[in-house]
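Undergrad: Spelled out, the chains give:
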Amino acid sequence: MSFGKSQAEQIREISGVNPYKCMKCGKCSASCPSFTDMDIKPHQFVSYVQNDDAEALVNSKSLWKCLSCFACVERCPRDVKPGRLIDGARQVVVRQRGADYLTPEEIPERLDPELPQQLLVSAFRRYRR
Amino acid sequence: MKYSYYPGCTLKTKAKDLDIYARASARALGFKLEEIENWQCCGGVYPLGTDEIASKLSSVRALNAAKEKGQELVTLCSACHHVIKRVNDDMKNVDDIRTRANNYLELDEPYAGETAVLHYLEVLRDRIGFDVLREKIVNPLKGRKIGAYYGCLLLRPSSLMAFDNAENPTIIEDFIRAIGAEPVVYPYRNECCGGYISLKEQKMAQGMTSKIMDSAAGFGAEALITACPLCLYNLNLQDSETKIPVYYFTELLAEALGVKVQTSSETAEEVQAS
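Heads up: the sequence lines are chains A and B, in that order.
Each residue of the first sequence is one higher than the last, beginning at 1 in the numbering used here.
Each residue of the second sequence is one higher than the last, beginning at 1 in the numbering used here.
Everything labelled a hint here was simulated from the structure, so no lab data went into it.
Ideal Cβ placement from N, Cα and C applies to all residues, glycine included.
Be careful, since some hints might not be right.
[What the hints assert, rightly or not] The following label-pair restraints were derived from C-beta to C-beta distances:
id, chain 1, residue 1, chain 2, residue 2, range
1, A, 53, B, 1, 54 to 62 angstroms
2, A, 78, B, 243, 37 to 45 angstroms
3, B, 51, A, 23, 25 to 33 angstroms
Generate the whole structure from the sequences, applying the supplied hints.
TA: Below you can see the structure in the form of structure tokens.
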């Protein structure tokens, strides 16, 4: 489905988010527990998708800082769902061959005796196709 | 009362206590959890892409198994609950997902979101009732100051989860009162523990859970309870000076109901088999 489509179009399609609904109130960024670790902030996500220039967003480390905690989704007064938008950008990356953010080879060094299976499953789902 | 039950992967491994004490408590309260046969992992996180189908099928299979038995589906792990409840909403309300999932699964009768998904805490609140639970407590946890750690996945997005008020929840505090303890309300109880970030960036999760622990301890909590194995893991990663123990809510429930024989999993396995 991605052939011939811009990255911004792909993000809009995968996320199902309409970025034009955003009124830039900043509640998402104010609510985000990863705000300080993000280079592009949640309230800025929409701009890249509106302007059809998503390259910076797709290359942003923010993709890997989002925790899917849904605080932004819960508090958005316009129901824009910034958390879904950033997942759309993440999907555009991980659906490319060889672009996984997490590989099975990394796992042994990251294991500790208490680590729950749920953590491995969740991380693979978000970071890899 | 019988319910279909979806334990999830971690309740069979690292989070056995969450499962075992829930089953023992259910027996004491007079309801039965019938584990779904051949259930599959929910995937841990809800697939957010609107075109995701394959990653939702394990949830649909569990939901349909409950439907075929004419039972409500009970979950315990916050993540499983979140995923299965949201997939159920997709099957009920999103035509494209319902059509494609059913085309793939070829069930005897198409699944369209008929099953009610209940978290164990919702069973206690909405089916048993906290007032009835209170009457069945034989060992009230008097004087224990306990903080509820809600985290994210049970509460948000509240329009879909419909679990409680997402900003000011009360269900776990009401539960704590019902088992005879004293709830401690603190500001960070619905802040994120870091979730899956702790695999690659443990420091980020540590920072978040340290704030949660400091907040809870600062308001006088002597212990925290949670429904999520990953929250419990991340909370125990924290490296601040305050260190308060974190329990699964089912462990304290079993203790208050007088069915917590011993904490060793060996004994707990006997309880499960009985």
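Undergrad: When the structure is checked against the list of hints, which entries are broken? Sort them ascending.
TA: Nothing - there is no hint that the structure violates, so all of them hold.
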